[in-house]
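My request is simple: use the sequences and hints to build the entire structure.
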Amino acid sequence: MPRSAYSPGSKLNPADDYSKMRRIIAEDPNWSLAIVASLSNLCLQSIVKNFEKKPTFEDLTAIQKDFVQERLSTSLPLRVTANLISDGVYWKRCCEQRWDLCDVSHYGHSWKRQFFERHLENIIELFIPDVTETKTVLAMVPLCRNYVKRLDISQLLPPVKEPQEEEVEYGSELTIDNEYDGPSMDHFDFNILLNKLTNLEELHLVYRVKQCGMNFEWKMFEMTNRDCESLARALKSCKTLKLLRLHQSHIEDQQCRVLVKHLLDHPSLRELNFSHNLIGDKGARAIGKLLNRSKLEILNISDNNITGLGAKAIANALSKNSTLLSLNLRLNRLRDEGGEAIGKALLSNNVLRHLHLGANDVTTPTAIALSKVLFQNITLRSINLSCNNLGADGGKALEEAMSHNSSITECDIHLTEVDEKHVAFINQVVWNNQKAKEQKRPAQESKTKTCSTLQ
Amino acid sequence: MEEVEKDPEEASEPSVFSENQESKSGVSTQEAEEDPTVEVKEESQENWPEEEEVEGSEKLITSQRIIGLQRDLSALVTNIQTAADAKESMRRTELEEARRLRLERLENDAKSSQERFEEITRGWSVAKQKLIPQELQEALSNQQQLWAVLLEDKKKLINDLQQELKAGDDRYVKDLRKQAEELDLMMERMEEQIKTLTKAYREELAQMERVYQQETDVLLTKYKSEWEQYMKELLDKEGERLMQRKEKVEEYETIIHHLMLEISDKDSIISIEQNEKFQVQERELQQIKGNSMVAKLKEIKHEDDLSRNKFNLAHMKSRIISLRTDMKNLVEKCKSQEQQFTKRNQYLSDDYKRNIQQYECIQKKIKHFAAADVKKFEEMWLMIEAEVKQLVERVLVIESLIYKQHLGLAWERPPLPFMERSGPIQPQKHSRRPDRQAESQSFETGSQRMMDASVGPQLEADTESMDMETYREGREALSESGTEVDEGKLTTEMVKKVMELLCDEAGFLVEDKLLSLLAPLEKEEQTVVKLASLLTSFGIEEEDLPKLAHFLIKSKHQQRQPTEDVFVEFGEEAETNLTSELTDPKHVVPALKHFLEQLTRSRRSSAHQKSFQHVEARDASADEAYWESMGNVISEDELKLWDAAESTLTQYHAVLTEISELVPETEDLEQQNKELRLMLQQLLTSDL
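From first to last, the protein sequence lines stand for chains F and B. Oh and the first sequence: position 268 is 268 in our numbering, straight run, nothing missing. Oh and the second sequence: position 631 is 1086 in our numbering, straight run, nothing missing.
Hints are not guaranteed to be accurate.
Unchecked claim - Taking lysine to aspartate or glutamate pairs in the DMTMM-like style, the calculated list, with each CA pair at most 20 Å apart, reads:
1. Lys650/B with Glu787/B
2. Lys437/F with Asp527/B
3. Lys435/F with Asp828/B
4. Lys721/B with Glu731/B
5. Lys421/F with Glu731/B
6. Lys831/B with Asp1078/B
7. Lys282/F with Asp253/F
8. Lys859/B with Glu1101/B
9. Lys798/B with Asp781/B
The set of hints was computed from the structure by calculation and includes no laboratory data.
So this is what it looks like as structure tokens:
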């Protein structure tokens, strides 16, 4: 560290002084004659040294700020640095010191944002209910409030519960009584946090425990009703949220309905992702209701247990919707009942651009219904029907429809039992559409390019 | 995204309990079938664009190829996902099927067990009806058998289900492994995709570079060849032009050379002519110049003379005028001076008369005062002498006292001649007394003479007789000269001549500077000035001049004739001779010397005589001796004696005073003695 060379201790050291007195130091290959730093440098160094007691940063010029940022200790308390030091080298150094991988492009090219988001995530992920004090989280709020835009929480620890287990062994009645006396919360309660983070836009949540090892329990991978209630209230209070991703958290119909109920009429929510859960038809119905009472643009409920009834509810909402751009129903059990309903709904929708119905056990009738959509719809860009037994007739209908369509640029019909020639034709049409679109956009550029190359 | 989506599938897997081995194998085969086809397709597609490339069609195809590559390679990856999706959906259908089967089986089982149960219950009722123990035994065993069958069925079912569970577990594990494999495969493919894509991009880039390089090369060569061609043309043209130029230059050079030669010839001829003309003209010009110069000089001279003359004339005129005015002034001044002098003369003569009267008066006064002074003097003398005599007497008395009383010696009166004398001392009484009158007179004449010197020689005649008397007393030699002065007066001309002679002879004494200054003057003036300087140098005064002249003449006469007196008588007669004789300059210098010696001597003597006259007025030397002798009545030895006597007397006096002081003391003591004696007597008496 270069700072150690300028620390006051070394100045008092006579040996050091002696070496400073010397004009030539032959044994040191890095030595140069510029012994005495300029006064401004010395001042800046003293600022760096005493930064904790007397932080001065705003009054400095840009170059001096860089100098200070390069040299400040990364172990300074955040309450000093958080709101004083602007985004820059200092935060980069902090990040690189704490984490090996630091992809700043993922954080809007802001090192400070990266640092605070990851810091807060760390705190929350290591939060153990009733053991960790909520103060530790709340203390961070005023420091990171202005910088945190996204929270990607990859685990939420359950409360510690040794005595309960014993009681379970000895008597079941006691456990029932003790359930309410147990931990005040099952996981971290977002109520205390979300309404204070005024810049939060994205929230990624997984109720799970990483690296549980042999202590595996199903409970660790579930969101309880209490969690759901508190989270729902927290989400309602967070008015800036744009993206909510709650996946792999064992959400059932009941919980889904609670969440949706609180998300209704949310002012800013644009994207909802409930993938990899256990949402059934009732939950789907709730989501259908949400579709028309919010500004959702992207909805992802892949890998759930939605069947024809739920799909009908969603289709009904879709037919009246004017905001949704992308709908993902992958890996559900829509069957032809739901597929046909969605096909019908799309006839009256001209907003949706992406539709994913992969692995939904739909067959020829759905294909025929969708081919009708493809005939007339010009907004739909991509459609995915893979892993459905569409059959040859379905393929034929699609081929026919695609021959009249010019807007589809992606059409996935892998593993759908469609004839090769139909697939090839459809692919050809899709490529042509792609090409046409590409040429439409950079037409002039490519033309000039070709002209120049020809010359 | 794909990875992220893969993970949840794994996670969601454990929720599955049942499985179907066959379907899984079916999927795997399907996948296995699919993979090679895809690869084949890929290969064919990779080959296809390359072939096209080889055919030589350009960019468009490569870009298509890139797009195709992107599409196919991503399809390769996504295929896995779709396959997994398909598998998952298949699994779900299987699960549903299995669940359905299980449910059916369970239902069947439930039905059959229900039937059996009813049978058993019926059996129970039958058994109740049975009263015979064997029958009852039979019925019971029958019932037992039925139960056993039921139990067996149930057990079998349980067993089956447990087996299914186990199989499900196994399958789950296998699924996990397979998914892992698939993930690996996917990653591999993604990497491959990346590799191939980068390769393709690189190739494309290389190709593009190559194409651009070729194009640029082609263009470069084309441009180069064009450039070279143009350069060649340009060079040829330039060469031709150069040749033409050179030829022309040579031609022009020859022409110019010829022209130059001709012109230089012509030029030289012309220049020579011109030179000649020029020289001629120059010569003429110089002649003209010389003439004009001479004329000019003449003119200048003329003018100069004229101007100078004019100036001189004007100057002279102005000077004449000024001189005239000066003269007038001077005449006026002279007149005024004359008038002044006449006035002054009158005034002075009046003054003189008055002074003479005053003088006479003063003489009378002096006579009177002198007589009074003498009388007074004598009286004073007598008085003081008497006084002194008294003092002497007293001293003598004291001395006699000392001698007689103090020393006890016999005292003799010292001889005192002056005691008999009285009156002032007149040691030359007999010789001087009658002259006293004359002496005072001479004194008067001395002073008078002093006055006369300032008045002038004219007045000398009045005091002549007086002079004669006084001089005759002190100096015999000069008395003669004094008489001769009178004679010399008459012969001023002679004096003049003598002076001239003196000047000529003693000219060597005059300073050279003066001579050079005097050179332009006339002879008379010269002599005057020279004479003045000579006289000042000799220290001779003006009044001595006639004396000098006379002396000189006399010395000559002496040299001629030793007897002087003879010629003195014939002074007038010898006058004429003198002039001729004076011409002999040889004797002038020694004569002059002689005169000067005489003069200095006479002066010294005259000074001496004057001082003597003053001493003579009253001879004080005898007086002093006289008074001294009076003072010295007591000699030095006696004085010493006196001093010693005084000291002894003072001592004696001191003793006496002491004695006088001690007398009262002794008297007191005597008194005391007396008293004490009295007291003693009294005491003695009292004691008694």
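Against the structure, the hints come out as follows:
As the CA atoms of lysine 650/B and glutamate 787/B are separated by approximately 155 Å, the hinted pair breaks the 20 Å bound. Using a Cα cut-off of 20 Å, the hinted pair lysine 437/F and aspartate 527/B holds, with the two alpha carbons roughly 19 Å apart. A C-alpha spacing of about 183 Å is found between lysine 435/F and aspartate 828/B, which places the hinted pair above 20 Å, so the restraint is violated. Our distance criterion of 20 Å between C-alpha atoms is met by lysine 721/B and glutamate 731/B, whose separation comes to about 15 Å.
Taken as a hint, the lysine 421/F and glutamate 731/B pair is broken in the structure, with Cα atoms around 126 Å apart against an allowance of 20 Å. Simply put, lysine 831/B and aspartate 1078/B have alpha-carbon atoms about 16 Å apart, close enough for the 20 Å limit, and the pair holds. A C-alpha spacing of about 6 Å is found between lysine 282/F and aspartate 253/F, which places the hinted pair at or below 20 Å, so the restraint holds. Between lysine 859/B and glutamate 1101/B the CA atoms are separated by roughly 15 Å; this keeps the pair inside 20 Å, and the hint holds.
Taking the CA atoms of lysine 798/B and aspartate 781/B, the gap is near 25 Å; set against the 20 Å cutoff, the hint is violated.
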